[in-house]
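Residue numbers (this note's numbering), protein chains in the order written: chain A, 128 to 298; chain B, 11 to 329.
These aren't lab readings, by the way, just hints derived from the structure by calculation.
Each hint should be verified, as a subset may be incorrect.
Just the calculated beta-carbon pair ranges, DEER-fashion [said to hold, decoys possible]:
hint, chain 1, residue 1, chain 2, residue 2, range
1, A, P149, B, D261, 58 to 64 Å
2, A, G199, B, R223, 38 to 44 Å
3, A, A219, B, E224, 56 to 62 Å
4, B, V299, A, A164, 55 to 61 Å
5, B, P96, A, G289, 32 to 38 Å
6, A, T280, B, A159, 45 to 51 Å
7, A, T243, B, D208, 57 to 63 Å
8, B, V94, A, A219, 55 to 61 Å
9, A, D174, B, G327, 56 to 62 Å
10, A, E194, B, R223, 53 to 59 Å
Only a predicted model underlies this, so the values are computations on that prediction, with no experimental measurement involved.
Yeah, the Cβ is synthetic: ideal placement off N, Cα and C, and Gly gets one too.
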Amino acid sequence: MRAWFLAFATLLTSSACGGDGPTPFALTVVADDGSVAGPPISLDAIDRVQVVITPQSIDGRFAPTAERVFEGGAATTRVTAAGEWVLTLERAWLDEYTSPTSGRSFVVLLEREEATDGATMDPSLRVLFYRGTEEVAKSTPRFVEWPLPEGGTTSVTVICDGDDASLCSGS
Amino acid sequence: MRPLLLRGALAACAFALGALHATPASAQPPTTPTPATTTPTSAPVPTDALATDEAPRVAVVARFEGSFDPAPWAESIAARLREVAPGRDVRAMRAVARAECDDVCVGARLAEANARVGVLLDVRPEGPTRGPIVPRLSLHLVAPVSGQALGAPIAVTLVDGAPTFDPGPLVVGFPAPPPPPARLVIAIDVDGATVALDGVDLGASPIAPVEVREGAHELTIRAPGHEPFARRVEVPAAGLRVDVRLVPAADEAARLAAAEAGTTFDAVETSDPLWKKWWLWAAVGGAVVVGLVVGIAVAASGGGGNGNAFPVPPIPGRM
Numbered sequence: 128m129r130a131w132f133l134a135f136a137t138l139l140t141s142s143a144c145g146g147d148g149p150t151p152f153a154l155t156v157v158a159d160d161g162s163v164a165g166p167p168i169s170l171d172a173i174d175r176v177q178v179v180i181t182p183q184s185i186d187g188r189f190a191p192t193a194e195r196v197f198e199g200g201a202a203t204t205r206v207t208a209a210g211e212w213v214l215t216l217e218r219a220w221l222d223e224y225t226s227p228t229s230g231r232s233f234v235v236l237l238e239r240e241e242a243t244d245g246a247t248m249d250p251s252l253r254v255l256f257y258r259g260t261e262e263v264a265k266s267t268p269r270f271v272e273w274p275l276p277e278g279g280t281t282s283v284t285v286i287c288d289g290d291d292a293s294l295c296s297g298s
Numbered sequence: 011m012r013p014l015l016l017r018g019a020l021a022a023c024a025f026a027l028g029a030l031h032a033t034p035a036s037a038q039p040p041t042t043p044t045p046a047t048t049t050p051t052s053a054p055v056p057t058d059a060l061a062t063d064e065a066p067r068v069a070v071v072a073r074f075e076g077s078f079d080p081a082p083w084a085e086s087i088a089a090r091l092r093e094v095a096p097g098r099d100v101r102a103m104r105a106v107a108r109a110e111c112d113d114v115c116v117g118a119r120l121a122e123a124n125a126r127v128g129v130l131l132d133v134r135p136e137g138p139t140r141g142p143i144v145p146r147l148s149l150h151l152v153a154p155v156s157g158q159a160l161g162a163p164i165a166v167t168l169v170d171g172a173p174t175f176d177p178g179p180l181v182v183g184f185p186a187p188p189p190p191p192a193r194l195v196i197a198i199d200v201d202g203a204t205v206a207l208d209g210v211d212l213g214a215s216p217i218a219p220v221e222v223r224e225g226a227h228e229l230t231i232r233a234p235g236h237e238p239f240a241r242r243v244e245v246p247a248a249g250l251r252v253d254v255r256l257v258p259a260a261d262e263a264a265r266l267a268a269a270e271a272g273t274t275f276d277a278v279e280t281s282d283p284l285w286k287k288w289w290l291w292a293a294v295g296g297a298v299v300v301g302l303v304v305g306i307a308v309a310a311s312g313g314g315g316n317g318n319a320f321p322v323p324p325i326p327g328r329m
């Protein structure tokens with residue numbers, strides 16, 4: 128009786144919580160506070176963020192797809208002519224998801240669209256910060272485990288491009 | 011505001027699920043009936059029940075310059091290491107670090123792969139820029155995270171296109187895999203007995219199987235109304251099951267004898283079963299409500315199908 132009850136209750140709760148869905152891959156983006164290199168970055172001064180995944184040449188490129196819009200236009204994904212997958216996060220998205228405690232980081236959740244994948248090597252990932260149309264900060268390209276592991280996590284630190292403190296702080 | 015709502019709702023769901031599975035000790039199944047003996051009896055535990063994921067792993071990571079593709083060489087080296095270092099979990103990482111990835115970067119890659127020690131395959135072109143380029147290969151043993159070099163580089167020569175090297179220094183540098191832990195199952199016929207192994211408190215019976223090193227261990231068990239139990243148990247690598255039947259203390263035995271004779275009765279309190287607890291149904295109901303709220307919120311977000319997760323398409327790869 129107890130076992131049946133627990134099974135029923137677990138099923139009910141799991142269903143209500145969407146427990147069957149895959150756990151997304153969590154990419155934590157941290158704006159350098161000046162401790163790594165260059166002047167500190169203020170996310171308040173950043174207008175747009177791009178997360179770019181580039182397949183290795185041996186694996187070709189992402190298939191061309193139409194731009195997709197999320198969160199009412201606060202985020203978009205597209206595949207460039209060079210075959211890179213680009214996620215663009217606008218100011219509105221940053222306002223919503225920047226960590227209120229640190230003010231310097233946010234988490235981007237990614238999930239595999241399909242279970243199968245033809246890549247033989249891990250692609251590289253980089254994060255770019257823009258003010259207007261000018262790129263002002265970027266992360267060092269790094270390889271990301273591929274296909275993206277469910278529940279996996281990684282963190283990248285974005286560093287200001289120049290020595291001018293106002294470039295990435297806006298003041 | 012919406013993320014906070016979603017996170018709070020999900021946390022509530024996690025709490026509800028945790029509450030369902032946090033079965034109290036009194037609700038756990040009783041121990042298996044045990045033979046009437048005061049000495050431990052043993053039965054081997056299937057070896058497939060032992061945890062074996064503690065073995066060290068070794069990863070081969072290739073770093074290269076130019077247009078070389080050293081991935082096949084990394085796999086070849088990994089295969090060679092599997093031959094000369096049996097028992098080690100050697101893997102060739104699919105990722106290839108480019109030249110700008112320094113040793114520390116490679117170390118981080120090893121850490122991501124949960125590898126304890128890695129071999130960095132360094133491939134650099136040598137010779138004139140025109141004509142055939144002869145790659146210069148060397149192996150560097152590096153530790154994860156720190157990227158610290160663990161020995162002098164080892165030269166690699168190509169024989170008929172295959173990398174050839176002396177694996178001796180690499181094998182020496184690899185940590186020997188620790189012996190897998192042995193599983194000790196302690197079954198006691200009395201619930202609530204205090205169990206200690208080598209002086210370390212394991213909690214009250216019934217207790218989950220514990221993983222211990224192979225060899226001798228001191229097992230002590232105490233329970234109210236019973237004689238203390240203390241034995242030295244020899245745990246083999248295959249594991250051990252110890253069935254213990256505690257002996258009632260003298261006064262307890264007399265009380266039980268009197269009870270059997272019908273001269274005395276103890277009031278027996280039975281706690282309500284779990285499914286009769288009001289708070290459990292409240293948690294289940296709350297979880298359902300929260301789940302509905304989450305579902306509606308997710309559906310309304312128009313996001314990437316999982317809250318604010320963005321779907322990433324596959325890389326088709328070259329056919």
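Going down the list of hints, with the structure as the test:
At about 60 Å, the beta-carbon gap between P149(A) and D261(B) stays in the expected band of 58 to 64 Å. Judged by the Cβ atoms, the range 38 to 44 Å given for G199(A) and R223(B) is violated: they are separated by roughly 58 Å. A C-beta distance of roughly 60 Å is found between A219(A) and E224(B), which places it inside the suggested range of 56 to 62 Å. Taken as a hint, the range 55 to 61 Å is violated for the pair V299(B) and A164(A), whose Cβ atoms sit roughly 49 Å apart.
Distance hint check for P96(B) and G289(A): the Cβ-Cβ separation is about 53 Å, which falls outside the suggested range of 32 to 38 Å. T280(A) and A159(B) have their C-beta atoms about 28 Å apart, which leaves the hinted 45 to 51 Å range violated. In this structure the supplied range 57 to 63 Å is violated for T243(A) paired with D208(B), their Cβ-Cβ distance being about 50 Å. Take V94(B) and A219(A): their Cβ atoms lie about 57 Å apart, and the range 55 to 61 Å holds.
In this structure the hint that D174(A) and G327(B) lie 56 to 62 Å apart at CB is violated, the actual value being about 35 Å. Take E194(A) and R223(B): their Cβ atoms lie about 58 Å apart, and the range 53 to 59 Å holds.
In this structure, the hints that do not hold are numbers 2, 4, 5, 6, 7, 9, in rising order.
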